[in-house]
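Participant: Residue numbers are given in the numbering used here: position 378 of the sequence shown equals residue 1011, and the series is strictly consecutive.
In short, the hints are calculated from the structure, not lab data. Worth double-checking, as some hints may not be accurate.
Claimed, not checked - With a straight-line cut-off of 30 Å between C-alpha atoms, the simulated DSSO-like cross-links for lysine-lysine are: (1) LYS651 - LYS789; (2) LYS741 - LYS878; (3) LYS1004 - LYS789.
To be verified - Here are the computed distance ranges between Cβ atoms for each label pair: (4) ASP1008 - LEU857: 27 to 33 Å; (5) PRO781 - GLY958: 53 to 59 Å; (6) PRO788 - ASN957: 21 to 27 Å.
Quantities reported herein were computed from a predicted structural model and do not represent experimental measurements. Think of the CB as a built atom: it goes at the ideal place given N, C-alpha and C, for glycine as much as any other residue.
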Amino acid sequence: MAVEFHFAIRSDVGLIRKNNQDSGYAGSRLLAVADGMGGAAGGDVASSVVVAHLAPLDDAPGPSDQLLTNLSDALQDAHDELIERTEENERLRGLGTTCTAILRSENKLAMVHIGDSRAYLLREENLVQVTSDQSLVQYLIDTGQITPKQAETHPKRNVVMNVLGDTPGPVVSDATVREAVVGDRWLLCSDGLSGVVSDETIANTLTAIDDLDECADELVTYALRAGGPDNITVVLADVVEVGSKASQVPEIVGAAAVTRDAPTKGTDGAAGRAAALVNSSVQDGEDEPEERPRGRRRFAWVLVLLVVLAALAGGTYEVNRWVNGQYYVQATDQQIVIYQGIPQTLGPLEISRPIEVSPIRLDSLPAIDQKRLQDPVVRSSREEIDDYLLELSGRAVQNATSESARSTMLSDPSQSGIDSGAD
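With the hints as constraints, model all of the structure from the sequences given.
Facilitator: Given below as structure tokens:
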């Protein structure tokens, strides 16, 4: 039996944010949600770039045995473009985005997942969270350090451990292949929904409301009633027999839409729209005020000016107190050294000192983290440095697990981890 997606999609800026950094796409073959981050001039661009690279796959997904390859290639191309954009525009540095996408060819579905946006599957009134959050709190849950209940109010619950962004290196995503089963209902969403609305409420809503448009509206309403602290993007799709539902035009929402904060926008064709998506969002994004810290070069000159002015005004004590409240980490050989102060000099004066060596070895980390630590990673308190090191520890564990899995796959190809059957 030939199948297709029958879909509905919504995106709302929420009640707190000033602009929408989420992007979403829904078509008969492709579903995608991307939650951008990095300030007003970064997150919207990142999520739009990802959707722009994924959108052409809706017109030409390729054969079923190439679905994962095509999805992965699109993500890598998006990642490479983000790096190029940040090299050309300093204001975009630090941008990033999650991505969860499903691509269909015939009766096969391929999924890629990066970050903490989610995919849920409702089958015969049973809801399953298909993706696992690549976040700090999920790592703490997996290692038994906190409970799922504690994670709901954890102060670092928004820390994501893997994103598409401006850090060089290959894209690493969770990837699966499964069957498209008629009657299944899929939900892809940003954490603007899943972070404030319980799985029980989501399950009840998906089960009780048959009409997809009404169901999507209701889910957004629940998120707004919960305070709407973040952008909310909902992509809903039923797996139906081809021709059993009226044909639909693919839709793009959020930052990637022509009107960035509009709830929905249609499109006349995926491939035809792809190029226009990014240009529109980048122009809008560059008009936004900067909301994130500046680069180290500007930071250094500001600091030098502060030190000189403070010394002239007799305020050196206050400056020293501020400097001693700053911390950074940097790799030396295979060690990760913690410094107090800032990574700058003023003439012969060093404005930092090493205070501790982390037990995390540099070579235990993914290549992208190893490269990042060749330069100082600056934070404004020891607590923030400790949080960063905790993230690195989690990525070291993930990296070791991935390397072990790769070794297993090389020695026994049958243990590839790809699920080709229904859940």
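Participant: Does the Cβ distance between PRO788 and ASN957 fall inside 21 to 27 Å?
Facilitator: About 24 Å separates the Cβ atoms of PRO788 and ASN957, which means 21 to 27 Å holds.
Participant: 53 to 59 Å was suggested as the range; check whether the CB atoms of PRO781 and GLY958 agree with it.
Facilitator: Given a distance of about 34 Å, which is not inside 53 to 59 Å, the answer is violated.
Participant: For the pair we were handed, LYS651 and LYS789, check the Cα-Cα distance against 30 Å.
Facilitator: This hinted pair holds, its Cα atoms lying about 22 Å apart.
Participant: Is it true that the CA of LYS741 sits at most 30 Å from the CA of LYS878?
Facilitator: holds, 20 Å
Participant: Assess, step by step, whether the Cα of LYS1004 is no farther than 30 Å from the Cα of LYS789, and give holds or violated.
Facilitator: Holds - the C-alpha atoms of LYS789 and LYS1004 are around 24 Å apart, at most 30 Å.
Participant: The hint says 27 to 33 Å between ASP1008 and LEU857; measuring C-beta to C-beta, is that right?
Facilitator: Between ASP1008 and LEU857, where Cβ atoms are some 41 Å apart, the hint is violated.
The structure does not agree with the numbered hints 4 and 5 stated previously, though it agrees with the rest.
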